[in-house]
Structure formats: structure tokens, C-alpha cells
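Once you've looked at the hints, go ahead and assemble the two chains, each given alone in its own frame, into the complex.
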Amino acid sequence: MIEQTGFKKLEDLKGIGKEMPVTLAIFAIGALSMVGIPLLPGFISKWYLALASIEVGKMILIGAILLSSLLNAIYYFPIVINGFFGEENLEGKVYKAKHRPLRQSFPVFILIVGMFYVGIAARGIMYMISLGLA
Amino acid sequence: MSNVFVLFPIVFPFIAAVAVSTIKFRNEKWRNIFIIFSVIINFISIILILNTEGLVAFHLWTVNNFLDIYFKIDEMGIFFSILASILWIFTAFYAIDYMKHEGREKIFFVFFILTLGITVGIAFSGNLFTLYIFYELLTLATFPLVIHSGSKEALDSGKKYLIYSFGGATLILLGMILLFSINSNMDFVARGVLSGAVENANLISIVYALMFLGFGVKAAIVPFHSWLPGAMVAPTPVSALLHAVAVVKSGIFAIIRISYFIFGAEIVRETHDNIYLSILIVITILLGSLLALHQENLKKRLAYSTISQLGYILLGIILLNENALIGGLLHLVNHAVIKITLFFCAGAIYFTTGKKNISDIRGIGRKMPVTMWCFAIAAISLIGIPPTNGSVSKWYLALGGLNANKILFVVILLLSAFLTAAYLLPIVIAAFFPGGDKVENESRVEPPPRMLIPIVMLTGVVVFLGFFPNAVLSFIGEIVRMVI
Chain R
1 MIEQTGFKKL EDLKGIGKEM PVTLAIFAIG ALSMVGIPLL PGFISKWYLA LASIEVGKMI
61 LIGAILLSSL LNAIYYFPIV INGFFGEENL EGKVYKAKHR PLRQSFPVFI LIVGMFYVGI
121 AARGIMYMIS LGLA
Chain X
1 MSNVFVLFPI VFPFIAAVAV STIKFRNEKW RNIFIIFSVI INFISIILIL NTEGLVAFHL
61 WTVNNFLDIY FKIDEMGIFF SILASILWIF TAFYAIDYMK HEGREKIFFV FFILTLGITV
121 GIAFSGNLFT LYIFYELLTL ATFPLVIHSG SKEALDSGKK YLIYSFGGAT LILLGMILLF
181 SINSNMDFVA RGVLSGAVEN ANLISIVYAL MFLGFGVKAA IVPFHSWLPG AMVAPTPVSA
241 LLHAVAVVKS GIFAIIRISY FIFGAEIVRE THDNIYLSIL IVITILLGSL LALHQENLKK
301 RLAYSTISQL GYILLGIILL NENALIGGLL HLVNHAVIKI TLFFCAGAIY FTTGKKNISD
361 IRGIGRKMPV TMWCFAIAAI SLIGIPPTNG SVSKWYLALG GLNANKILFV VILLLSAFLT
421 AAYLLPIVIA AFFPGGDKVE NESRVEPPPR MLIPIVMLTG VVVFLGFFPN AVLSFIGEIV
481 RMVI
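Line by line, the protein sequences give chains R and X.
Here the first sequence stands for residues 1 to 134, numbered as in this note's numbering.
Here the second sequence stands for residues 1 to 484, numbered as in this note's numbering.
Fair warning: there could be bad hints in the mix.
Cross-link-like lysine-lysine pairs, in silico, BS3-like; alpha carbons within 27 Å at most [said to hold, decoys possible]:
no.	chain 1	residue 1	chain 2	residue 2
1	X	K160	X	K29
2	X	K355	R	K9
3	R	K8	X	K152
4	X	K152	R	K9
5	X	K100	R	K18
6	X	K72	X	K106
7	X	K24	R	K9
Since the hints were made in silico from the structure, they are not lab data.
In isolation and in its complexed conformation, chain X is listed as follows (with noise of 0.2 Å):
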């Protein structure tokens, strides 16, 4: 029964945000040293797991071979729920003192802690049904962070969010429903569980492509996208953390899932659905990046830059070959570390500017040259210059686009790639040159250490992951050769 310990990192979260919301502390200071220690506990409780022996597998309840709440660590679970909780740590730095200026830091802190435990949910979800219960918790849980504000503007936003995740979700479960009726188990096997299910092409097909869509309202993907830079509205770490990182890739996770996990790539293949949803992914790389060059909004257009670069993952996924797979899987780190210093970035410079446009922050990299020098490393990351850690990825991306015979795809990857400078050198040059006219402030305005430290630490992990991809790399490639 020693098994039960796998749910910590899933209940913990839990414990904790209900403590965080009831225990009166003694002033902020214990508090924030609480949510600190929190949300590092967590991710030593998921590394004690993994190194423990044995601890793999957990049914905490079953009714029936679907309705079945069952928790399984394996290299997927592992790989997403170590990312999450090192960016959760960062980010848990960060909001301390950024949440100061928006307020009402205690519901945030809550809800922040919460979504930790249901991310780690989702990584450690051992079948459909488990994965689909935390996905639905997902929405819920992060809802109030996002209309954090309590405008009318963020609460249309909040609204609009809840719709589109909501129909995503009924989508799943109507894909759900009509797999069960052809298979009825729905555990996480590599290479798939259909094998001996193929006579129903057309259902499977049909189901396939439910389930991707259902899944792609949470990536973001082209027609199901507004919801993201609508997001935005909340605070930056919320934008930060959950619409680049835990929420998007969450979705993303998802597919990967259902397309590796419970189809399998040759079933995949069979159904031709990988075809007609390679033309949509297509449409959302070039889309997100086109959008992105009209966006004033400095946290919208990385935002419809996000919406760009989960086409790219997507992308690597729908390919299924291995290399695209290591390429997609390599590119969800690396957007996921290259966004998030982006986003600190941005918050930065609002939070002590007050500047959320682009054209109010010309010069400001000679007010906050540290800040600045993080966005543009992480700009040119996201761009792919070699050595970067954009780069890599991409070129797996490019490999796996030539193994599938599709030159197209490497024409758009270096297309978007062209776009994505576009819109994000403009920001980087403005920010050193501002131009003719004098700068009226000299003054250095760096934000405070607590934020600060983790923009550098984070453009510093994205630097690492230039030059030496390898650790990475070994991990993913393990993961790819089990599925593919």
C-alpha cells in the first residue's frame, strides 16, 4: 500500500491551498515563506518518487474497468510534472512580489497552489478518464486567476474562457463515449491500446479527430484560439505560468496521450486524420505569428506568439515520426522556458513602468538593461539563431518534416521562423535605440531581486539548453523509441 504516496505531489497542492486560504499567518513574510515551501516540497516529494523503487502504479478508486481513478508514473508523466513544478518554483519567486501591486494576493495564492496539484494530476494520470476528471479541474481551478482583476474586462475574458474549455471538454467526452463503445479499456499503453480494434475505421477516425479538437481548445489551436490572448488580462504570472506553460502544454500533453498513447501512431496514420489536421496546425503557425505582428499589447502579441509556437509542437506531434516527435517534445521545454522568461520579462516592465504597450517602452533598455537583455536572449531562442535552444528543436521539427516527405512543413517552419523576428526584434531594438530624441530618465529601475533573479536564472537555463541539449535530448529520445 506504500503505492498511496504517489497522490502526494497531487494532494499535497491541495492540503496546502486550503491551508494557505484558512491559517491566519502571522504577517505576509510567513505566508510567502509557506507558499515557498510548499510548492518546493512538492517537487522533492515528485523526485523522491521517481527514485523510489516500485512506486508506479496507484488505483485510488474503480467502479468499473472505465470509471476508474488510476495514477501511473511513467518517462511522460515524469518528463511534464518535473517541468511544471521547476517553473512553478520560479514562479512562485516571481508572484510574491509582483502580486503586491495587483492585490488580493491570498485568492491567488490559493488558486496557484491548487493548479500545481492538478497539473501534477495530469502528469501522473494513468488513464483517460483519470486525465479527463483533472483537465476539467484544470479550467475550474485556474478560472479565478484569470478574471483575478475582477474587471468587467476580465470577467468577459473569464467567461469566454469557460466556454471555450467547457466545449473542448464536451467534445472529449463525447469522443470518450463513443470509444469506450468500441474499446473498453482506456489505460495509458504505449504504442496504443487499439491494436485489435481497427474494423471501425471511420469511428475511429471520427473519434480521433473529436478528442484532438477537444484537446486543441486548451493548445490553442486555429479556430479555437481566441480564448488565449482574451486571457491575458490576468496577472503576469498567471499569463506567464498557466497560458504558456501549465494550461497550453497541459492540452498539448493531452494529445500526445491520446495520439501515442491510446491510438498509437499506426492507427493514427490509418485514419488519414493526421492529413487534415496537419492543414489546421498549419493554419495556426502562420496565423498566431501574422496576428502577432499588429498586436500593440506587449502581453498579446507574445500571446498570439504562443498561439504560433503550439502550432510547432502540434506539429511535431501529428507528424509521427521520431524525429518530429523528439522535435515537438524538445520545443515544449524550450517554448515553455523561453516563454515564461518572456512573459517575466514583460510583467517586469509593467510592474515598474506601468508600460504595457510596445510603442511607451522605447528606451527602456537603458533603464532596465538586465531585464532587457533577457528578453532579447530569449527573443532570439524563440527566433532559433544558432546556438540557441530554439534551434535545436527546430531543427529535430525541420528533420522530422523531411522523414514525412513534406518539404511544405520546413518552408513554413522557416517562414514562421522569419515572422517570429518579425515581431519580436522590433520590441528588442526599440527597447536599446530608441531613436533620435533624448532619453529623459538615465536612472536604472530594475525590478526587485525576488523578480529579477528568476529572469536571469531562467535565461540562463535557456542559454544551458543551447548549448547543451543533450540531457534533454537522451530523456526525450528514450521516450520517443517506446511510442514510435
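Chain R on its own, in the form it takes in the complex (with noise of 0.2 Å):
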């Protein structure tokens, strides 16, 4: 998003959706896996950090953790709406997704799929992991 707009600031990527809607459709994907929306990684992996705190008998860990991801949903969720919503927002933006070679998403792409995998697929890294502690 940097590279085609030039711009940094959150407040200058307002409407961004209309410009490029298939990155920050990826974007919003990493995002809600940060958040820990079930079927992403970032549950699996928070919920066992959940559970091993309960195990340690630290009750108080868990809500940093729960705090913590609804932080995340508060600081991830405003770039969205406002890059996919809002009339202020989206005027004056013109629809340049198609100007972006398909060279460069494909990485990104790659990415969001594995993210899947590593959600959907979790048992078998789960078990990996055991191995490797034990």
C-alpha cells in the first residue's frame, strides 16, 4: 500500500479499499487472525497460552491476553472500515487496483493461504511442536 500511494499515515490511507481492494482485503484477513477470530492461527495460539495460564494457576494472564486481542481489535479494525467505508472516505478515489502487477501480490497471496493452512492444519504443527519438546 506504501509503495503505490506514497503515503504512511493512517489518516492519508482512508479509502484505500477503493484503490486497492484485494490488499486490504488481505490486510483485514491478517487482521482478524491477530485478533483471534476462530479458523485463523492467531486463536490456536492464544488459546493455549489461555490454558497454560489457568494450568500455572495465573488467572490474571488470561485477561492480559483477552485485553490484548481486543486491543488488537481496536487498532486494526478503524484502518479497514475506513479504507472499505465511510462517503467522506471513499471520495475522490479512484479504483487503481488493476495498475498493480500481479508479480507483486502473488507473495502476499501465498501468504494468506499458508495462514489458512497453518489455522486449519493446526493438529499437525501442533504435534510437530510436542515432538520437538519432548
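Here it is, written out as C-alpha cells:
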């Protein structure tokens, strides 16, 4: 996004969804994973961290994990929302996404597919990790 | 493997939503036909699944006994999914004409259909984890509907909606983590799965309260109610369907699931949470009604009325006896049908005259007699004057209150019924009897038939349920006898 628009400030990136819908959609999925929406890998790691904190009897740590998830939502979502929605935000924006060469989006796509895979195939990865720990 | 068909009514709306967003329809008419067909096909598929023997449960994806996406169809799920998909059909017809003046129909219908799939997903969830996933998805899918107009006000309300919903979801997640440390089985089983593990009484009490309040955010329980009136900036079909039926009732449905299918009535009673929570619920009922009295905006008044009526249903759940739960479930149906009618009428008034405020609609009964008659009938039902459907559910709720030896609740129900009359009847009276000043324009301006027919049919359902409540009642009775 920075490369395409030359903007770095969030304020300038409002309405970016109209120009680069695919890129922002990918960003949104990444954000959802950070927040810990189930099915995406962020949820599973947080879940195990939380269970571990119960095991050691430190309930307060769960509070910290959950609070931080909520904060993740509060700081990531406005970027996505202002990017996609809002009359004022979208004014004067043109649909430019088609100018973006496929070559550049490709690695991001692969990463997203990988992220879903990690989320769904968590069992295999957890097995490998537990082998490593044993 | 034929059990995979259980997924059809959940997955099909997702596919249809993608289709609406990508296919270039020849014109709007074709798109509308496609939308109507998708919604109806989904309803038929649910009916077919219910009539097919052996289609009950399906594990989609399992990591361990918690991370397990599991669908199971039981009576409670059938009850909720049928209610939602019938009302979705009515709303689809209504929205086609209504959304013309809101614009950007394509985005609206994409998320409208998507939300149907998610709601059915909530109904068919077989364990708490699956329910939680769909519950989160529901927030995400309804958010674009809430901020549909894209105005500053809409974005602010949308933000509030997200923060409240995710806050609630965080409480639920905390509850789930703690519950998992007590009992790893979170499948929905009638009478609960916790029967063996009661030594941790304090922790269970905390977990239940956390989950109740977490799901209570969507059920608009005081003090987590203020997102609901804010979300009234959404287009009327959204308010009607999502904020009187799908979203708020998903919260209620989830509370029923945890109360009677995870914890079980016995354990909830042992925690004594029901006593503390019933105080909150009583405040919800009264505060909702009292705030509704002061609203000038018709949709906002209906929104506060929703808060109060949802309190009735929650009261029915938390009293933990047979009559109360029958009353609660019956009121879930009745309130859904009544409130969607009221909202459709309010939307029809706004659509044809552009008026949102109650003071502006004096004498509207002369211009839109059919709409306002429907509004009047629905209003009387909501107050609970016999022989309407609202009176039947309130009767059972009152009986439940008496069974629990709480005369106080009966008094509150009566008081709130009085308040309901106080905030709804003036609208009806002002509409039909505008007073001394003469009405300038007597010509009729009823909304187009695709909006009017759903209103009239829903009013018909309201009246029908009042005279013949037994059809629904016997089904609800079956559910209740299984869980209590």
C-alpha cells in the first residue's frame, strides 16, 4: 500500500479499499487473525497460551491476553473500516488496483493461503512442536 | 457421509452471496429473482433436512475435543433456524423495493444473504466452539449492514456496535477458557454436560455469569444495551430483521444454549447467579420501557421497546421453571413476528412520506390505512391484550413467575405491559385521530405491493398465533420438557 500510494500515515490511507481492494482485504484477514477470530491461526496460539496460564494458576494472565486481543481489534479495525467504508473517505478515490502487477501481489497471496493452512492444519504443527518439546 | 448435507443451508448462502457480488446480472430484476430464490431454496433445504431421517450430526473439522467444528440438529436448532429463515423470506421481498431509495443494493444483499447462512450456522451449532465462531462471524457480517449509509453517524454507531460485540465476545472467550479447565466437553446436551463436576462451585458461578453477560451484549441487556438504539441508523430491513430478530435473538439463543445445554438448570440454580442476573433483567425490562416513552424517532422508540421485550424472554429463561421457559420461547417467536411487523410499518411510512418522527406522522392513518391498521394490531399484540399472541406468552411468563414464588415479577410484567401501552398507543391514536386541524392531503399513499404484502401477511401471522397458539406451543413444550 505504501509503495502504491506513497502515503504512510493512517489518516492518508482512508478510502484505500476502493483503490486496492484485494490488498486491503488481505490486510483485513491478517488483522482478524491477530484479533483471534477462530479458524485463523491467531486464535489457536492464544487459546493454548490461555490454557497454560490456568495450569500455572495465574488467571490474571488470561485477562492480559484477552485484553490485548480486544486492543488489537480496536487498533486494526479502524484502518480496514475507514479503508472500505464511509462516504467522505471514499470521495475522490479511483479504482486503481488493476495497475498493480500480479507479480507483487503473489507473495502476499501465498502468505494468506499459508495462514489459513496453519489455522486449519494446526494439529500437525502442534504435533511437531510437542515432539520437539519432548 | 450424506450427513454433509447438514452444511447445505449454511454454505449455500455464502455461495449465493459471492454470486450476487460477482455475477453481472442482466438487470436488477434478474438479481432480485436470484436473491428471492436463494432465500427460498435455503428455507426448503432446511425443511428437507429436517424431514430426512438420520441427518443429525456432522463433524467438519476436529483438532482436539475443544477445537471441533461440529453441527448437530436438535429441536432447539430447528426452532430457531425455521423462525429465522421464514422471516428472511418476508424481509427479502420487503427489502427489494425498500432498498431502492437507500441505494447500493448490491452490497446490502451480499451481506443480507451471508447473514442468513451465519444465523442458520448458529442454530445448527453442536458445541460451544462452533457457536462462538458463528457468533463472531455474525458481528462481522452485520457490521457493513449497520453502516450501510456510510454517513458519519452510521460509522460511529458501527464502531460502537463492533466494540460492544467484541467486548462481549471477549467475556465469552474468557468464560470458555475457564469452563474448559473445569470440563473439556462443551457439546450441547439437554440438561447440561456439567453434572459430574460441581466441586468448583465458585468458578462455575463466575463462568456462567461471564457467559451470560457476554452473550447478553447481543441480547441488549442493561448496561450493554446502548449499541442497539445506535444501530437504528441502518436501513429499516436491517433494523427489522437483524436488530429485532437475527442478532438479538442469536444472543438469546446462545444464552438458552449455555443455560440449558451446557450448565443445565440444576447447576445454574445452585450457583445462585439467576438471582443476581434477574435483578439486571428486571432493570432491563423497566428501563427499556421508560426510555422508549421519551423517543421522538419512531425507529428508536421501537428499539428501546425491543430492549424491554428481550428482557421478558431473558426473564423466562432465568426463572428456570417449565412455564417460564415456555413463555420465554413463545415470546421469542411472538416478539420476532410482532417487532418485524412494527419495523416494516415504520419503514413503509419513511419510504412513502420520508417522515421519521412521531410528531410528524399525525393523521397518517388516513393516508396509509392498511399500514397503520397493521401497526395497530401489532402494537396491541405487543401490549398483550387478549386474544393476541403477546397475551399468550405473557400469560405463561406470569405463570412462571408465580411458580417461582416471585409475585414481584408478575407485578413487573403488568407494569411493563402498561408502559408498552403508554409508548405505543399514542402513535396509533395520533395516526388515526390527528385532532382539530384538518388534514391537508387525503389521498392514499400506501407503499408498493412488495412491501405492503409482507406487512399484511405478517400481521396475519400475528393474529393467527394469537388465536391458535397451540401449533407453536406444543413444539415448544417438547423442547422445554427435554431440558427441565
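Verification of the hints:
no.: 1; hint: X/K160 with X/K29; in the structure: violated, 35 Å
no.: 2; hint: X/K355 with R/K9; in the structure: violated, 41 Å
no.: 3; hint: R/K8 with X/K152; in the structure: holds, 24 Å
no.: 4; hint: X/K152 with R/K9; in the structure: holds, 21 Å
no.: 5; hint: X/K100 with R/K18; in the structure: holds, 23 Å
no.: 6; hint: X/K72 with X/K106; in the structure: violated, 33 Å
no.: 7; hint: X/K24 with R/K9; in the structure: violated, 36 Å
Hints 1, 2, 6 and 7 from the earlier list are contradicted by this structure; the remaining hints agree with it.
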